[in-house]
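Enquirer: The task is simple: from the sequences and hints, build the whole structure.
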Amino acid sequence: MPLRIPILFHANMQHSIQEVTDEWPRMSEIIETITFRAGYNTGMVIGGTALLGLAAGIIGVFALLRKRSLMTDALSHATLPGITLAFLFAGTFGLESKSLPVLLVGASVTGVLGVICVQLILHHTRLREDAAIGIVLSVFFGAGIVGLSYIQANAPGDSGGLNHFIYGQAATMRVGDVVLMGSIALVAIMATLLFMKEFAIVCFNDAFARVDGWPVGLVDLFMMALVVLVTVAGLQAVGLILVVSMLIIPPVAARFWTDRLSVLVLISGIIGATSGYLGATVSALFPRKPAGAVIVLTAGCIFVLSMFLAPKRGVFAHAIRRVSVRVKVAGDHLLEHVYESRQSTLTSDDFANFARMQGWSPLFQLLIRFALRRENMLGSKTRSEIRVTEAGLERGARVSRNHALWEQYLVSHADIAPSHVDWSVDMVEHVLSDELIHELETALRNQGVDFPPSLEGVG
Amino acid sequence: MYFDLALDLFPLLAAALAAVCCGLLGNFLLLRKQSMMGDAISHSVLPGLVIAFLIASTRSPLVMLAGATIAGVVTVVLVEFVKRFGKVEPGAAMGVVFSILFALGVLLIEKAAVRHVDLDAECVLHGQLETLVWYSAPATISGLWSVETLDAIPRQIITLTIILILAIGFVSLLFKELRLASFDPALATTLGFNSTLLHYLLMIFVAAATVASFEAVGSILVIAMLICPGATARLLTDRLRTQIVLSVLIALFTAVGGYFSATIIPGWFGRDTVNAAGSITVFSGLVLSLTIIISPSHGILSRMIRRIRLSSRVALDDLLATMYRAQEQAQAEMSASDISDAILRSKPQPLLNRAVKRALIQRHRGMYSLTEKGQRAARSIVRRHRLWEHYLVDQAGLAPDHVHETAERLEHLPPVPPAGPQTDPQGKVIPDDPQVP
Amino acid sequence: MSPVAAHSNSKQSGLSEYPEHSAESPLSIHAMTVAYHKKPVLWDVDYDAPANKLIAIVGPNGAGKSTFIKSCLGLIPKASGLVEFWGQPYRKVRSRIGYVPQRESVDWDFPVSALDVVCMGRYRRIGWCRPVTRKHKVAALDCLELVGMRDFANRQISQLSGGQQQRVFLARALAQQAELYFMDEPFAGVDAATERAIIQVLRELKNSGKTVIVVHHDLQSVPEYFDEVILLNMRVVASGPVGEVFTETNLHKTYGGRLTLLSEAAEAIARTESGV
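Chains as they are written, first to last, in our numbering: chain R, 1 to 459; chain U, 1 to 437; chain H, 1 to 276.
Just so you know, these hints were derived from the structure itself, not from any lab. Check each hint, because a few of them may be wrong.
To be verified - Which chain U residues face chain H? A few, computed with CB under 7 Å, are given here:
(1) 335
(2) 406
(3) 410
(4) 417
Stated by the list, open to error - Pairs of lysine-lysine, BS3-like flavour, derived with a Cα cap of 25 Å:
(5) R:312 x U:83
(6) R:197 x U:87
(7) H:253 x R:197
(8) U:33 x R:67
(9) H:135 x R:197
Said to hold, decoys possible - Label pairs and their in silico Cβ distance ranges:
(10) R:358 x U:161: 54 to 60 Å
(11) R:359 x U:161: 52 to 58 Å
(12) R:344 x H:159: 35 to 41 Å
(13) H:177 x R:361: 56 to 62 Å
Think of the CB as a built atom: it goes at the ideal place given N, C-alpha and C, for glycine as much as any other residue.
Expert: Okay, here's the thing in structure tokens:
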């Protein structure tokens with residue numbers, strides 16, 4: 001007989017019987033919630049979820065650095081059968097079947113079992129890690145779904161809460177559950193902070209760590225245990241599908257901002273906590289919005305912003321750096337050209353011709369002129385010509401000399417056919433340091449190789 | 001009584017079609033070590049579906065498919081982007097992208113629900129096979145052959161069939177290219193096949209298969225079917241064509257088997273049926289586990305058996321060699337305890353019995369000696385041992401007092417050093433090859 | 001226990017029973033055979049390292065040089081044989097042994113600075129859960145000074161050149177304050193300045209009584225840099241002082257001859273070990 005299972009796209013089911021409107025809460029309500037004054041329950045939930053986000057962000061850094069992020073996915077999906085089994089087990093033995101500790105123990109057991117299965121598959125078959133994780137993930141989860149449907153059919157009243165483990169139900173958690181979640185999170189945070197350098201050395205270079213006497217296997221196990229703890233703690237709030245993202249997104253986002261491990265852990269924790277806080281708040285204000293999704297989307301927004309806006313490692317920063325390097329190189333070429341034409345001004349036509357030969361777009365030309373003028377290499381511009389300053393000529397001379405030096409060097413030292421010289425020099429001449437230039441000069445002079453004399457006051 | 005046309009025909013068909021379609025495509029994901037990409041896509045098509053629905057306000061399959069395809073492509077692009085700029089491993093990049101997209105989808109479903117259309121995110125996971133009930137099914141199988149049947153076929157099955165046919169076409173036509181691009185994308189590109197294009201095409205098909213299967217069997221089954229049949233087949237054969245055919249058969253088998261398990265097994269305990277999609281997933285996991293253990297070529301059991309056989313052959317070889325050496329020292333017969341000391345085994349009896357049974361040694365008044373057959377076998381082993389010792393000292397320059405142990409390791413397997421030397425480093429005679437008259 | 005493993009059930013009571021191995025030697029190896037992915041790649045190695053010398057391990061690619069070091073250090077299990085350090089098993093003398101792994105074995109995008117990496121060499125001394133105090137940071141800075149990298153202490157390691165990264169690895173090993181150092185291709189792919197810096201450090205180590213064993217890839221520089229050499233190609237071809245052992249004949253045997261038969265046999269063993 002067909003089971004009562006919700007249907008994906010189906011118009012006019014029960015909900016439409018009552019008017020469902022997307023109603024916004026009042027401003028006062030919003031402020032109260034944000035500042036933890038909207039009631040004991042709500043405050044606890046928001047605080048607890050923020051704490052969870054903090055823990056996930058912190059331990060997630062090490063899962064990421066150890067390259068085990070997807071294992072967390074398998075772990076979280078593998079918790080479902082454990083939850084259903086714990087529920088049934090508790091029911092049979094007369095325990096309160098939806099008591100969170102019982103369910104979480106069940107979740108941990110099958111979660112760990114899942115991880116062990118991944119290792120077994122890797123060890124005994126020729127299947128690779130991606131396949132092993134996918135297998136465990138789907139099969140265990142399928143078993144969980146079977147369990148859920150069994151419970152639904154045979155004890156329908158009780159099972160409502162269990163479904164929430166899939167998508168999370170932060171806003172409707174009980175205080176006792178929140179306290180449990182928060183305590184687990186706290187333990188995970190403290191443990192990670194305590195063992196940070198041990199985790200770091202194992203994640204960075206486990207061979208060295210082993211030689212130095214560290215029990216790498218144990219440390220790995222401990223890290224995994226903390227991941228399990230945080231994952232299981234987050235199941236109720238965020239749901240098992242999305243809990244993995246709390247462990248992955250904050251560290252990846254934080255990585256854009258810093259190159260130091262301790263700062264990375266801090267920022268990742270903050271991002272996680274913020275996402276938890278915001279998600280739970282939104283979930284409290286809009287009860288129908290699934291909390292897990294909001295939390296993840298918050299983290300996702302922070303991630304996107306980080307990826308684009310972070311200085312040094314962000315996308316924009318990269319692009320700007322690339323363009324400025326190209327502008328500098330092009331500017332040097334221009335100055336060199338001017339120097340070699342033995343003039344101190346450049347007619348607009350000359351410039352246009354040169355630009356066309358180099359393939360510079362008009363925008364690029366503007367950038368070059370702007371950059372050079374900023375560095376005082378170019379003087380004022382009249383309608384038909386561009387004046388090059390003293391400094392500009394000097395720079396041009398220097399670039400020209402470096403060019404000649406490198407050409408000579410490459411031909412006489414590296415056996416590169418003269419026809420290749422232009423390409424190599426172009427790449428390289430702009431990164432020559434002063435010391436290296438001096439070295440080259442001396443070497444070439446000692447060998448009696450002919451090259452242009454240094455200019456006064458240059459080199 | 002286990003198969004009711006009304007209740008089971010269409011769900012079974014849907015499950016089978018979904019399984020076969022995903023199983024087929026999954027082989028290539030497996031090859032390219034991108035199985036998790038299948039997981040990612042099956043999660044991230046959700047927002048594509050919902051957005052398409054919100055925009056077009058229709059559930060038409062074409063619209064859904066378009067939405068899914070776009071979502072699939074977007075996923076792939078985003079994952080590459082994050083990999084490059086985030087400088088993270090592919091797994092983390094996938095995790096970031098698919099979870100954000102999935103969360104977006106879940107949120108959008110809620111939003112769409114406000115418009116009086118009830119969408120349910122849970123169904124995304126485990127499908128709704130059970131609702132493909134055919135209310136006006138004929139009473140018997142023979143009643144199937146009529147026009148009403150065609151009319152009654154649910155939309156999902158038609159979509160699935162079309163996608164399956166297209167997928168079969170894709171795989172058959174581009175088999176060589178897919179295979180090459182999976183092994184060596186760079187080479188494929190230099191040979192003129194655009195591997196990136198193939199990559200995207202494959203992902204688009206995966207997305208389409210996911211979406212077509214979604215409504216029927218849910219995303220969890222999709223992930224399982226993308227990986228398990230292919231993985232199982234991989235453990236049974238080394239040839240790609242065979243693997244593909246096998247994976248399709250296995251997919252079909254697990255779909256049918258899993259479906260019926262969902263009804264039959266709970267029935268044994270007097271309970272209601274459980275979720276069919278979940279059951280199929282578990283079934284495919286069991287099939288895989290079984291294969292891991294008993295696969296003739298790669299299974300654990302067969303490897304163990306092979307090792308045990310080798311182990312016992314090695315023991316036998318050792319015994320014969322020991323007795324031969326004793327014979328050289330003019331000890332033609334040995335007692336069981338002599339043998340036990342020599343080969344360092346406290347309980348040599350089972351080994352001795354085995355050797356007697358194979359007519360390699362004989363027992364006479366409590367003492368053992370080599371038979372004709374045993375002599376030949378022993379000479380062969382000792383010959384190999386000493387040739388190796390000679391080789392190791394002569395060619396490899398190892399110290400003569402060490403080579404005995406290394407030669408012990410080498411004497412049991414081919415290859416054999418070439419004939420020629422007459423004595424080993426200790427001066428003992430190297431027996432002639434017993435095969436050569 | 002693999003079926004084709006050595007049947008020698010000789011009790012492993014230590015190398016003291018073998019007179020050819022000295023208990024003073026920083027490294028004594030007896031009949032060590034090592035498999036990599038179940039395929040034996042090093043056969044029957046016998047070696048005693050003299051103390052207070054710079055020792056090079058050279059051989060063609062795939063000859064087992066890295067495997068040699070890794071199995072001495074217990075990073076790869078041995079198929080057979082014994083290894084002792086100053087007459088003791090490895091686990092008892094860990095703190096006296098330093099290690100510089102191959103540069104490629106690490107993801108250099110890891111969020112640590114050069115100083116952080118060097119401090120890792122002192123973690124053992126710091127102990128579990130305790131923070132890295134100023135005292136240790138100063139010691140680490142001194143190690144960076146020794147390799148000429150003090151100015152780069154706070155630089156993120158991904159911003160260092162290959163040679164600089166190598167020097168940081170070396171500084172980390174120095175921070176371990178060991179007596180015996182193993183270095184895996186420290187000179188690979190480094191610039192001339194780094195090479196000079198490294199050999200400088202090695203010579204100073206030798207002068208302060210340490211022993212250094214180095215996997216080296218450049219034959220030209222062996223006589224100049226090293227006192228002793230081990231020529232390795234699936235087995236020890238020859239070992240001893242450079243002057244005696246680094247001869248054309250030996251080099252020819254190491255680099256010229258390929259023991260194809262032994263290779264094939266190793267493959268066969270690998271296949272049976274995997275039960276194929």
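Enquirer: Please go over all the hints and tell whether each is borne out by the structure.
Expert: Quick rundown of the hints versus the structure:
For residue 335 (chain U), the suggested interface contact is broken, since its CB lies about 21 Å from the closest CB of chain H, more than 7 Å. Interface restraint check: residue 406 (chain U) against chain H, minimum CB-CB distance 5 Å, threshold 7 Å, status holds. Satisfaction of the interface hint for residue 410 (chain U) is found here, the shortest Cβ-Cβ separation to chain H being roughly 5 Å, below the 7 Å cut-off. At a threshold of 7 Å, the smallest CB-CB gap from residue 417 (chain U) to chain H is about 6 Å, leaving the interface hint in force.
A C-alpha spacing of about 17 Å is found between residue 312 (chain R) and residue 83 (chain U), which places the hinted pair at or below 25 Å, so the restraint holds. Between residue 197 (chain R) and residue 87 (chain U) the alpha-carbon distance is near 23 Å, which keeps this suggested pair within the 25 Å criterion. For the hint pairing residue 253 (chain H) with residue 197 (chain R), the CA-to-CA distance comes to about 47 Å; that exceeds 25 Å, so the pair is violated. Among the hinted pairs, residue 33 (chain U) with residue 67 (chain R) is consistent with the structure: their alpha-carbon atoms are about 16 Å apart, no more than 25 Å.
Of the pairs offered as hints, the one joining residue 135 (chain H) and residue 197 (chain R) holds, with about 16 Å between alpha carbons and a cut-off of 25 Å not exceeded. Distance hint check for residue 358 (chain R) and residue 161 (chain U): the Cβ-Cβ separation is about 58 Å, which falls inside the suggested range of 54 to 60 Å. At roughly 54 Å, the beta carbons of residue 359 (chain R) and residue 161 (chain U) sit within the given window of 52 to 58 Å. One distance hint, 35 to 41 Å for the beta-carbon pair residue 344 (chain R) and residue 159 (chain H), holds here, with the actual separation near 39 Å.
At about 59 Å, the CB distance of residue 177 (chain H) to residue 361 (chain R) agrees with the hint of 56 to 62 Å.
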